[in-house]
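S.K.: Residue-level listing of the chains:
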Amino acid sequence: MAEWVTVGTAGEVPEGDVTAFGVGDRQVAVANIDGDLHAFDDTCTHQQCSLAEGELDGTTIECPCHGSQFDVITGEAVNGPAVDPVGVFEAKEEDGQLRVLVDEE
Amino acid sequence: MTSVVIVGAGLAGATAAATLRDEGFDGQVVLIGAEPMPPYERPPLSKEYLRGESDHHFVRPPEWYAENAIDARFGSAAERVNVTDRVVELQGGERVPFDEVVVATGSRNRRFPLPGLDLPGVFDLRYAPDADAIKAAAREGSMAVLVGMGFIGAEVAASLRQLGLDVTVVEFAGTPLERVLGPQLGGAIEALHRDHGVQMFFRDAAERFEGDGRFEALLTKEGRRLEGDFAVVGVGVEPVTEVAGDGIPVDNGIPVDATLKTSVDGVWAIGDVARHHHPVFGPIRVEHFDNAMKMGEHVARNLVGTPSVFDDAHWFWSDQYDANIQMSGFATEWDDMVVRGSIEERSFSAFLLKDGQLLSTFSMNRRFDVRRSMPLIATKARPERETLADPEFDLRELHPPKE
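Read top to bottom, the protein sequences are chains H and D. Counting in the numbering used here, the first sequence runs without a single skipped number right up to 105 at its last residue. Counting in the numbering used here, the second sequence runs without a single skipped number right up to 1403 at its last residue.
Errors might be hidden in some of the hints.
[What the hints assert, rightly or not] Ranges between beta-carbon positions, derived for each pair:
{"id": "1", "chain 1": "H", "residue 1": "Pro85", "chain 2": "D", "residue 2": "Arg1208", "range": "30 to 40 Å"}
{"id": "2", "chain 1": "D", "residue 1": "Lys1380", "chain 2": "H", "residue 2": "Lys92", "range": "41 to 51 Å"}
{"id": "3", "chain 1": "H", "residue 1": "Asp36", "chain 2": "D", "residue 2": "Asp1132", "range": "40 to 50 Å"}
{"id": "4", "chain 1": "H", "residue 1": "Gln48", "chain 2": "D", "residue 2": "Asn1068", "range": "24 to 34 Å"}
[Claimed, not checked] From the derived model, a few chain D residues whose C-beta atoms are all more than 12 Å from chain H:
{"id": "5", "residue": "Pro1044"}
{"id": "6", "residue": "Glu1048"}
{"id": "7", "residue": "Gly1052"}
{"id": "8", "residue": "His1057"}
{"id": "9", "residue": "Pro1061"}
{"id": "10", "residue": "Ala1066"}
{"id": "11", "residue": "Glu1089"}
{"id": "12", "residue": "Arg1095"}
{"id": "13", "residue": "Gly1116"}
{"id": "14", "residue": "Lys1135"}
{"id": "15", "residue": "Asp1229"}
{"id": "16", "residue": "Gly1356"}
{"id": "17", "residue": "Arg1372"}
{"id": "18", "residue": "Glu1384"}
Because the hints were derived from the structure by calculation, they are not lab data. Where a beta carbon is used, it is the ideal one built from N, C-alpha and C, also for glycine.
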């Protein structure tokens, strides 16, 4: 069952930025693109690097380790070496809090 | 076009096969590779895999090939691409016909015929079983002697130190990677390894491997005798071109035009073996992961669509200890180098320029500069020295506007 989890405050992800948050056992990255929030699994499906450490260009996040690129809206691996997509989640700001809709594991 | 035969199943060849299917090509795809294992990534072999931190990373899951109707011939060596009969001749006599053929045979380790090179305990590193052999010999507290300190030698040195071995290296040049990076940046790599306890001898070379039935010591040209439990030789690679026979021209690899096509109709080459005509750098042959992958993707798209120019600015990484090393572009000579950050503190980028044009960017622990340089290198930009030297300046401000 999916539930909304508060991961931090809205100020932690300014426009154009990406930040990773711990949610249970996993790391979820939240990107702020022109004021819209997009949450996705922070762990690269290639070799488990943190995607939030990488560079955001438009809606594409580039893994800092080996250059894999993911679309932060669909989760699709748009450029290798990663093949598998990352999970994506709904995210919103509520009363200054950053909230992400994640599945309970 | 109904059939594409890919000769060589490393990263480049496997990526080409995968991209053909991704692009919707529904003809026959044959992928021929000498190694029995399905295509895997080689970079971890000197790093995470060697240290026992990761298993193999397959280019595609092993079952992917059958699921996507790839006629995969792993463990099957191609002998020759016969361009007259338009067949690939395999060892054992089988002939595989093609409409288009992609040569992706890669490179092999250079071997100088030195006495004792065949002794047990003298290794080199390219394939998965090589890494397994080194791993098995690398027990904590044992002593390794390395010959050559290019990227493979430097990464193996780092991994073996991390595993708790004593490491001694003999290198022909004056610093690690001097030929690629020049003496100042090579010196930064040397300092990194020295601080991690690697013993290095420069301007010296292997002369003879000694041992009673197994490696015991390396004798060097300068008269040193370096004892160890095993040795690893990493003195560069050479392109594997034998399959070209007399039908495909060979000149330091297989020359291809800017679309990755050879001068022979229907014959393409990608990866380490391909000497491609780059719009910025001219004819170059690149022996790195990202290039192999990108060429694999590109050739597949050129096969199914209108051929376009391969103009990737080139990029690679090397992880050594906790240092993240990256480089983009390509420079064999430069007349100016601008450094931002601190070489001593191991947080810097070095910009290599010729006549003011940015050719290549090297960084240690400042990786964003390297990737952000790529659009500048691709457009032959001439950034101001002051701009490059300013650690606070975001190179993206110099990027050409997006289409």
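S.K.: Take the hints in turn and mark each one as holding or not.
M.R.: Hints and how they fare:
| no. | hint | result |
| --- | --- | --- |
| 1 | H/Pro85 x D/Arg1208: 30 to 40 Å | violated, 53 Å |
| 2 | D/Lys1380 x H/Lys92: 41 to 51 Å | holds, 45 Å |
| 3 | H/Asp36 x D/Asp1132: 40 to 50 Å | holds, 48 Å |
| 4 | H/Gln48 x D/Asn1068: 24 to 34 Å | holds, 26 Å |
| 5 | Pro1044 | violated, 8 Å |
| 6 | Glu1048 | violated, 8 Å |
| 7 | Gly1052 | holds, 15 Å |
| 8 | His1057 | violated, 7 Å |
| 9 | Pro1061 | violated, 8 Å |
| 10 | Ala1066 | holds, 16 Å |
| 11 | Glu1089 | holds, 31 Å |
| 12 | Arg1095 | holds, 32 Å |
| 13 | Gly1116 | holds, 37 Å |
| 14 | Lys1135 | holds, 18 Å |
| 15 | Asp1229 | holds, 30 Å |
| 16 | Gly1356 | holds, 26 Å |
| 17 | Arg1372 | violated, 8 Å |
| 18 | Glu1384 | holds, 23 Å |
The earlier numbered hints that this structure contradicts are 1, 5, 6, 8, 9, 17.
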